[in-house]
Amino acid sequence: MLEVLLGGLLLGGMYGLVALGLNLQYGVSRVLNLAYGEFLIGGAFIAFFTVMSRWQLNPLLSLLASVPIAFVLNWLIYRCLMLPLVKRAPDQDALDADVVLVTFGLFFVLQGLALVGWSGDLRGYSFLAVANPFLSTHFGLMIAQNRLLAFLGACGLALALFLILRHTRVGSALRAMTIDPVAAELMGVDVRKLSALAFAAGGALAATAGMLVSTFISFSATTGVEYTLKALIVVIMAGVGRVTGTLAAGLLLGVVEQMGGYLLDPGLTLAINFGLFTLILLLRPTGLFTRA
Amino acid sequence: MDRRTFVKGTAAAAGASTLSGRVFAQAAAPDKIRFGYAITQSGPLGPGAESTSISQYKLWQKRVNDAGGILLKKFNKKVPIEFVSYDDQGKPDELLKLTERLIQQDKVDMMLGPYATHMNLAAAPIITKHEYPVIMTTATTAKTYELAAKWPYAFWNISQPNESAHPLSNALGQLKKEGKVTGRVAVVHVALEFGVEMHAAFVEQAKKDGLEVVLSKSYPLGSADLQPLIREAMATNADAFVCMSYPPDTFMLTEQCQIVGFNPKFMYVAVGGVFPGMKDKFGSKVNGILVYGGVNPGEPGMAEYNKAHQAMFNRGSEAGALNVYGALQVTQQAIEKVGEIDRKKIRDVIASDTFPTLWGDLKYVNQRNASPWCVGQWQNGEVVGVYPANKAGAKALLFPKPAWS
Chain Y
282 MLEVLLGGLL
292 LGGMYGLVAL
302 GLNLQYGVSR
312 VLNLAYGEFL
322 IGGAFIAFFT
332 VMSRWQLNPL
342 LSLLASVPIA
352 FVLNWLIYRC
362 LMLPLVKRAP
372 DQDALDADVV
382 LVTFGLFFVL
392 QGLALVGWSG
402 DLRGYSFLAV
412 ANPFLSTHFG
422 LMIAQNRLLA
432 FLGACGLALA
442 LFLILRHTRV
452 GSALRAMTID
462 PVAAELMGVD
472 VRKLSALAFA
482 AGGALAATAG
492 MLVSTFISFS
502 ATTGVEYTLK
512 ALIVVIMAGV
522 GRVTGTLAAG
532 LLLGVVEQMG
542 GYLLDPGLTL
552 AINFGLFTLI
562 LLLRPTGLFT
572 RA
Chain R
751 MDRRTFVKGT
761 AAAAGASTLS
771 GRVFAQAAAP
781 DKIRFGYAIT
791 QSGPLGPGAE
801 STSISQYKLW
811 QKRVNDAGGI
821 LLKKFNKKVP
831 IEFVSYDDQG
841 KPDELLKLTE
851 RLIQQDKVDM
861 MLGPYATHMN
871 LAAAPIITKH
881 EYPVIMTTAT
891 TAKTYELAAK
901 WPYAFWNISQ
911 PNESAHPLSN
921 ALGQLKKEGK
931 VTGRVAVVHV
941 ALEFGVEMHA
951 AFVEQAKKDG
961 LEVVLSKSYP
971 LGSADLQPLI
981 REAMATNADA
991 FVCMSYPPDT
1001 FMLTEQCQIV
1011 GFNPKFMYVA
1021 VGGVFPGMKD
1031 KFGSKVNGIL
1041 VYGGVNPGEP
1051 GMAEYNKAHQ
1061 AMFNRGSEAG
1071 ALNVYGALQV
1081 TQQAIEKVGE
1091 IDRKKIRDVI
1101 ASDTFPTLWG
1111 DLKYVNQRNA
1121 SPWCVGQWQN
1131 GEVVGVYPAN
1141 KAGAKALLFP
1151 KPAWS
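Chains Y and R, in that order, give the protein sequences.
Quick note: the first sequence uses my numbering, first residue 282, plus one each step.
Quick note: the second sequence uses my numbering, first residue 751, plus one each step.
No wet-lab data here; the hints were simulated from the structure.
Fair warning: there could be bad hints in the mix.
[Claimed, not checked] Chain Y is faced by these chain R residues, among others (derived, beta-carbon under 10 Å):
(1) Gln1006
(2) Ile1009
(3) Gly1027
(4) Gly1033
(5) Ser1155
Think of the CB as a built atom: it goes at the ideal place given N, C-alpha and C, for glycine as much as any other residue.
Build out the structure end to end from the sequences listed, making use of the hints.
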């Protein structure tokens, strides 16, 4: 029972991790990026090729490559593709519609490229696929090290993001943009520059999440969209622009899914997931962690 | 010119060009044989389709064309293969549209099958309607027993749920009699038609074989964590673990059994168990795992095939893909026996002759493969066929499965 609960927390950590970058992109840059999952899978592939390379390197090293690549690519996407849309959009609703179309197209292009380059084969590798020795000997709990690593990664990144947003000048500006981009601009915040920065950082977070998730879930060139959807659910549950809320919403989703599967039936996990999502949409349409 | 006249004009032109094509074909050999297929390239089933089917289509095309093509006796000429293909996105309605398109608009000479049971079933009536013989290589459903007669142009290549599940139960029953297992079996299955049918077939037979099914649960496709399920199986003290699983979960089940230290003496995973990725990921720990489908690595021509496969895809071939390659070989041999593209005659040859292939000798009785490989096992780092035990090249069961570490 305790193990199931912990398993749910770890799973939820993963959901939160996957959603962090998307929330940064959507919350701060105001761009709903449907190609988000492709960058996550990109991170996973770079990790895979790092492990499967001749030198059989540690997948963590792949972050040295994937994070800068994702950062630069996402920065370029924002500057070249999104900015023209932002400039011409009369309001947020119009922007949302344009952005969804463009990023949907981008998703197809990126997935197509991934299919051509990496084929549709299912990939996976073994990394830290053992139970945590401390928890298993002292408490008899079997907790996979790779899932634990992803969980700690999620907490670490959420904490870092939280601290940056709370205690730095850039962070204050980013928060101001989340609340009211027009007012922020009037106060002298360079909204376009910071939006590009947040978007790029979101992409880098996606690549990091992809690497961490790839240590325990097999993936292929076409699985990115599943992560986009999961992330979207978590972001909407948490409330757009809430960083710590994203992690909390992810944890909630993971625990409810796992406990429901354990207490009722594993076949019901999807139904439980979407049931929770619907419930939250009905009761708190702006998200769990937004102040009304 | 308004739109309507334009459409009419185009249609007339297209009609004229096909007509002239036909006249021309009577005079001389065709310069190519056009094969059409619609298959899943994106979506959750994309990776499986790539690994099992598409890769084999491409490899077969290359190898046949490198040898000059398919020999058409009537013209005494070897004719190369050309493909026309589309992505059905895993949607049956899309598949139907594309199949119609391939036949009516692209006017392909022959068709190849789609991927996954429900897609094979969706395609069977339509290719029968247009009288295109197709060997369905990725369908396993109890329905084929009744449907084969209805759809005379569809052939069914792989083992059906009963054929796949019964040998597992029989083997466990035998091991129980010999006192080697307790007969306590934990069975889990993916909540898809495949999983449900395999599960039902196994559980029913298990009763007859004197086994005790101590856990019987399903999980949704693409579950993110199957550890609770494995822990439940462990808690039942089962020493046999039978998973009617699909590709992503097959990997996850295998990994999570290792993490929690669940060491059943007898372990089966279904679809995806034969993927080379299993060995890439788990190394020698794959040994002893029983899998869906099998192969005789000693089949003549296997070494050349493996070499060509490695050269084309830079990875080893998947044992489950050999049934697809075998079906392509049957198609080629049938065309060569007929000597021209006469689909009715090709269908009749496939229905009656025996064809030597890399997947053993293939013979269809009532359009169903008379003796497909049903259960394989990882032994010494490769997949071998274990059941049916009386099939040429079958290896003895490796029991008990070695512990993970």
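Results of checking the hints against the structure:
{"no.": "1", "hint": "Gln1006", "in the structure": "holds, 7 Å"}
{"no.": "2", "hint": "Ile1009", "in the structure": "holds, 5 Å"}
{"no.": "3", "hint": "Gly1027", "in the structure": "holds, 6 Å"}
{"no.": "4", "hint": "Gly1033", "in the structure": "holds, 8 Å"}
{"no.": "5", "hint": "Ser1155", "in the structure": "holds, 9 Å"}
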